[in-house]
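Trainee: Protein chains in written order, with our numbering: chain A, 113 to 473; chain B, 113 to 473.
Rather than coming from a laboratory, the hints here were simulated on the basis of the structure.
A few of these clues could be false.
For identical chains, the list gives no copy identity; a pair is met inside one copy or between any two copies.
[To be verified] As a list, the in silico SDA-like pairs of lysine to any residue whose alpha-carbon atoms are at most 25 Å apart:
1) Lys-258 <-> Ala-422
2) Lys-389 <-> Asp-405
3) Lys-389 <-> Gly-431
4) Lys-389 <-> Glu-463
5) Lys-389 <-> Arg-379
6) Lys-258 <-> Arg-421
7) Lys-258 <-> Ala-215
8) Lys-258 <-> Glu-344
9) Lys-300 <-> Arg-343
10) Lys-309 <-> Pro-115
11) Lys-389 <-> Glu-408
12) Lys-258 <-> Leu-433
13) Lys-258 <-> Arg-180
14) Lys-300 <-> Leu-433
15) Lys-389 <-> Ala-419
16) Lys-258 <-> Val-457
Protein chains: 2
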Amino acid sequence: MGPARTFPWPALHEFCARVFEHVGVPDGEARLAADILSASDRRGIDSHGVARLRTYYDLLAAGRINPRPRPRIVRETPSTATVDGDNGLGLVAGPWANEIAMAKAETAGSGWVSVCNTNHYGIAGYYVLQAVARDMIGWSMTNSSKGVAPLWGAERMLGTNPIAIGVPAGAEPPVVLDMATCTVAYGKIEIAMREGKAIPLGWAIDGDGRPTTDPHEMNDGGALVPLGSDREHGGHKGYGLALAVDILSAVLSGANWGPFAPPFALRQALPEREVGKGIGHFFGAMRVDAFRDTAEFKAQMDDLIRALRATRPAPGTAGPLLPGDPEREAQAVRDVEGIPVGAAVLADLGEIARATGVPLE
Amino acid sequence: MGPARTFPWPALHEFCARVFEHVGVPDGEARLAADILSASDRRGIDSHGVARLRTYYDLLAAGRINPRPRPRIVRETPSTATVDGDNGLGLVAGPWANEIAMAKAETAGSGWVSVCNTNHYGIAGYYVLQAVARDMIGWSMTNSSKGVAPLWGAERMLGTNPIAIGVPAGAEPPVVLDMATCTVAYGKIEIAMREGKAIPLGWAIDGDGRPTTDPHEMNDGGALVPLGSDREHGGHKGYGLALAVDILSAVLSGANWGPFAPPFALRQALPEREVGKGIGHFFGAMRVDAFRDTAEFKAQMDDLIRALRATRPAPGTAGPLLPGDPEREAQAVRDVEGIPVGAAVLADLGEIARATGVPLE
Numbered sequence: 113m114g115p116a117r118t119f120p121w122p123a124l125h126e127f128c129a130r131v132f133e134h135v136g137v138p139d140g141e142a143r144l145a146a147d148i149l150s151a152s153d154r155r156g157i158d159s160h161g162v163a164r165l166r167t168y169y170d171l172l173a174a175g176r177i178n179p180r181p182r183p184r185i186v187r188e189t190p191s192t193a194t195v196d197g198d199n200g201l202g203l204v205a206g207p208w209a210n211e212i213a214m215a216k217a218e219t220a221g222s223g224w225v226s227v228c229n230t231n232h233y234g235i236a237g238y239y240v241l242q243a244v245a246r247d248m249i250g251w252s253m254t255n256s257s258k259g260v261a262p263l264w265g266a267e268r269m270l271g272t273n274p275i276a277i278g279v280p281a282g283a284e285p286p287v288v289l290d291m292a293t294c295t296v297a298y299g300k301i302e303i304a305m306r307e308g309k310a311i312p313l314g315w316a317i318d319g320d321g322r323p324t325t326d327p328h329e330m331n332d333g334g335a336l337v338p339l340g341s342d343r344e345h346g347g348h349k350g351y352g353l354a355l356a357v358d359i360l361s362a363v364l365s366g367a368n369w370g371p372f373a374p375p376f377a378l379r380q381a382l383p384e385r386e387v388g389k390g391i392g393h394f395f396g397a398m399r400v401d402a403f404r405d406t407a408e409f410k411a412q413m414d415d416l417i418r419a420l421r422a423t424r425p426a427p428g429t430a431g432p433l434l435p436g437d438p439e440r441e442a443q444a445v446r447d448v449e450g451i452p453v454g455a456a457v458l459a460d461l462g463e464i465a466r467a468t469g470v471p472l473e
Numbered sequence: 113m114g115p116a117r118t119f120p121w122p123a124l125h126e127f128c129a130r131v132f133e134h135v136g137v138p139d140g141e142a143r144l145a146a147d148i149l150s151a152s153d154r155r156g157i158d159s160h161g162v163a164r165l166r167t168y169y170d171l172l173a174a175g176r177i178n179p180r181p182r183p184r185i186v187r188e189t190p191s192t193a194t195v196d197g198d199n200g201l202g203l204v205a206g207p208w209a210n211e212i213a214m215a216k217a218e219t220a221g222s223g224w225v226s227v228c229n230t231n232h233y234g235i236a237g238y239y240v241l242q243a244v245a246r247d248m249i250g251w252s253m254t255n256s257s258k259g260v261a262p263l264w265g266a267e268r269m270l271g272t273n274p275i276a277i278g279v280p281a282g283a284e285p286p287v288v289l290d291m292a293t294c295t296v297a298y299g300k301i302e303i304a305m306r307e308g309k310a311i312p313l314g315w316a317i318d319g320d321g322r323p324t325t326d327p328h329e330m331n332d333g334g335a336l337v338p339l340g341s342d343r344e345h346g347g348h349k350g351y352g353l354a355l356a357v358d359i360l361s362a363v364l365s366g367a368n369w370g371p372f373a374p375p376f377a378l379r380q381a382l383p384e385r386e387v388g389k390g391i392g393h394f395f396g397a398m399r400v401d402a403f404r405d406t407a408e409f410k411a412q413m414d415d416l417i418r419a420l421r422a423t424r425p426a427p428g429t430a431g432p433l434l435p436g437d438p439e440r441e442a443q444a445v446r447d448v449e450g451i452p453v454g455a456a457v458l459a460d461l462g463e464i465a466r467a468t469g470v471p472l473e
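Using the sequences and the hints, build the whole thing.
Mentor: Spelled out as structure tokens, the structure:
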């Protein structure tokens with residue numbers, strides 16, 4: 113199934129920004145939010161870009177997300193802060209909090225910010241790229257509504273809880289790890305359902321907690337599983353990482369944790385308990401020159417990257433990639449050829465265009 | 113194969129401390145190093161306790177590790193430091209650097225320390241427990257000599273590069289994640305070889321980079337694989353985590369990274385290049401009350417832990433554990449019943465006893 117239509121990314125960016133403005137988001141913040149969605153589309157992460165505009169729009173239009181939040185620091189030390197996002201877009205509270213992490217890194221060497229009362233923040237990788245551009249090592253995490261079972265559990269208790277870490281290099285591109293802590297994203301289950309295909313063992317369990325190859329069984333009350341899949345292959349490790357993300361993002365900030373993180377969807381039921389405010393993010397920034405001369409560090413990073421690229425390839429492969437390679441390669445193509453948009457998303461955008469009067473060109 | 117003998121842990125602790133002293137380690141540092149080995153034995157991590165004494169002893173006796181190091185801070189900011197371990201035991205440089213991370217957290221909210229010119233530091237989990245005891249969230253990582261192939265690589269390029277994160281709770285025990293970033297530890301390959309058994313697919317590759325179920329094929333020029341095992345199950349994620357540990361521990365500090373980390377063994381060949389000094393560690397500490405009232409945080413941690421324990425169990429299991437449960441349960445048993453020591457390790461200890469005159473009682 114090819115794309116229904118292809119757009120140059122600036123056209124989608126303009127549309128997103130104007131839609132955000134239409135539902136009350138101030139101009140500068142609307143453009144920032146659109147920047148993050150465009151970063152996702154350009155980097156080839158179709159699930160987190162313009163495809164999510166509909167949900168952001170629905171939640172803003174319904175008053176579930178505050179279009180004009182005033183995020184504030186509720187506690188801080190020289191190298192840390194806790195931020196209340198005032199129930200704004202994560203696409204606004206996220207960059208605001210990440211900026212504080214980077215500013216603290218400027219003065220204290222490192223900065224670490226936990227955020228509550230916020231919403232979906234787009235791709236985790238966007239934030240660490242901001243740090244990388246300032247010769248910092250960037251960290252970004254967020255919790256999200258439940259979809260993943262802990263190892264040996266039969267029900268959804270944790271989100272896909274991504275971790276991103278970005279590291280600047282010299283002549284080589286930066287290393288940008290951006291990974292969910294479950295085996296695969298829910299999007300791959302959706303694709304298998306749409307195409308009527310089985311999924312590999314090790315991606316999901318059914319509603320009884322048994323491993324399944326039927327994507328519908330995962331979807332109907334089953335769950336994704338943590339990175340590592342099962343006990344024998346280290347599923348307890350992926351579960352532990354997902355839990356660490358939940359604690360740093362939500363327990364530390366005062367957001368809703370675990371199964372109580374609110375859904376990013378208008379029509380899904382709210383969790384049975386409220387144990388905090390909104391969802392939570394966690395950002396970190398460490399100045400490279402707080403640890404080592406920056407030029408020296410970058411030269412060593414280049415050397416390490418080249419050593420990894422020179423690894424003898426496994427059969428049937430071209431050898432190891434570096435984290436961030438696929439996204440950078442996608443961006444090189446998409447900045448020229450445009451962003452492919454499928455029929456379902458195109459229909460959503462058309463509806464939004466009609467409802468708001470913002471033209472989709 | 114049962115243990116050849118069982119010792120109360122204080123007897124092994126005393127033996128280790130006196131052996132370290134015999135090869136020139138000052139008394140206080142020798143006891144600290146023995147503390148870390150005992151923590152491993154007590155927590156049920158047989159691979160990292162007294163079983164490693166022989167290698168520490170060999171390297172100290174051969175002058176490959178400096179028994180009287182003077183670790184020093186070579187660069188620092190209010191929340192960060194870079195430490196040169198002066199080629200001492202990681203069991204000495206590690207606690208010294210971790211203490212700096214915690215002291216910086218006291219004054220700046222968080223502290224982050226990267227260490228070069230150091231050696232094997234025992235279990236990663238030991239360090240985060242020190243932070244937890246001070247109501248801090250602790251982080252600990254180390255690189256190690258090559259044993260793991262990057263995804264799509266056919267040769268060893270990275271270490272098993274563990275990550276530990278420790279989080280204090282209230283009435284519930286702390287959450288203590290302590291995980292290698294590969295699927296399984298090398299020790300499981302050794303056990304399979306000894307028992308003449310096959311290993312599961314997804315643990316290792318052979319010397320040509322093909323998945324193998326023969327532990328000898330891994331051992332003879334093959335490699336362990338990153339958490340996630342293969343592309344379909346997220347092996348690129350485990351690889352990315354292993355790389356992040358390598359960067360934070362070694363590139364940031366000026367230690368040897370990737371395939372050039374020196375082996376923890378007297379008889380293994382040294383790597384062909386020296387790209388830094390020794391191996392590297394990375395420690396972090398964040399004061400809980402830098403982010404949130406400590407009592408509030410701990411109450412929420414208890415609530416989260418109980419919610420996870422109440423997860424509906426998967427068939428054939430008693431439901432999810434929390435990270436740190438198995439080690440705590442092992443300690444409860446071993447503090448009463450003693451530490452089982454197998455025949456090979458017992459023979460090593462006997463040789464050390466004869467060579468040093470330190471009695472093993």
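Trainee: Given identical chains, is Lys-258 near Ala-422, meaning Cα to Cα at most 25 Å, within a copy, between copies, both, or neither?
Mentor: between (40 Å within a copy, 15 Å between copies)
Trainee: For the identical chains here, do Lys-258 and Val-457 meet the 25 Å Cα criterion within one copy, between copies, both, or neither?
Mentor: Classified as within; 24 Å inside a copy, 46 Å across copies.
Trainee: Is it within, between, both, or neither for Lys-258 and Leu-433, if the alpha carbons may be no more than 25 Å apart?
Mentor: For Lys-258 and Leu-433, the Cα distance is within 25 Å only across copies (18 Å; inside one copy 31 Å).
Trainee: At 25 Å max between alpha carbons, let me know whether Lys-309 reaches Pro-115 within a copy, between copies, both or neither.
Mentor: within (20 Å within a copy, 50 Å between copies)
Trainee: Which holds for Lys-389 with Glu-463 at a C-alpha limit of 25 Å: within a copy, between copies, both or neither?
Mentor: neither (31 Å within a copy, 61 Å between copies)
Trainee: For Lys-300 and Arg-343, with the copy left unspecified, which applies at a CA distance of at most 25 Å: within, between, both, or neither?
Mentor: Both ways: Lys-300 and Arg-343 sit 22 Å apart in one copy and 14 Å across, limit 25 Å.
Trainee: Could you place Lys-258 and Arg-421 in one of the four classes (within, between, both, neither) given a Cα distance threshold of 25 Å?
Mentor: For Lys-258 and Arg-421, the Cα distance is within 25 Å only across copies (16 Å; inside one copy 37 Å).
Trainee: Checking Lys-258 and Arg-180: alpha-carbon separation at most 25 Å within a copy, between copies, both or neither?
Mentor: neither (27 Å within a copy, 51 Å between copies)
Trainee: Quick one: Lys-300 to Leu-433, C-alpha cut-off 25 Å, is that within a copy, between copies, both, or neither?
Mentor: Answer is within; shortest intra-copy Cα gap is 21 Å, inter-copy 28 Å.
Trainee: With 25 Å as the alpha-carbon cut-off, assign the pair Lys-389 and Glu-408 to within, between, both or neither.
Mentor: between (43 Å within a copy, 14 Å between copies)
Trainee: Given a CA cutoff of 25 Å, do Lys-389 and Ala-419 count as a within-copy pair, a between-copy pair, both, or neither?
Mentor: Classified as between: cross-chain Cα gap 18 Å, same-chain 45 Å, threshold 25 Å.
Trainee: Is the C-alpha distance from Lys-389 to Arg-379 at most 25 Å within one copy, between copies, in both cases, or in neither?
Mentor: Answer is within: at 19 Å inside a copy they meet the 25 Å cutoff, but 57 Å across does not.
In summary, the structure is inconsistent with hints 3, 4, 7 and 13 from the numbered list given earlier, while agreeing with the others.
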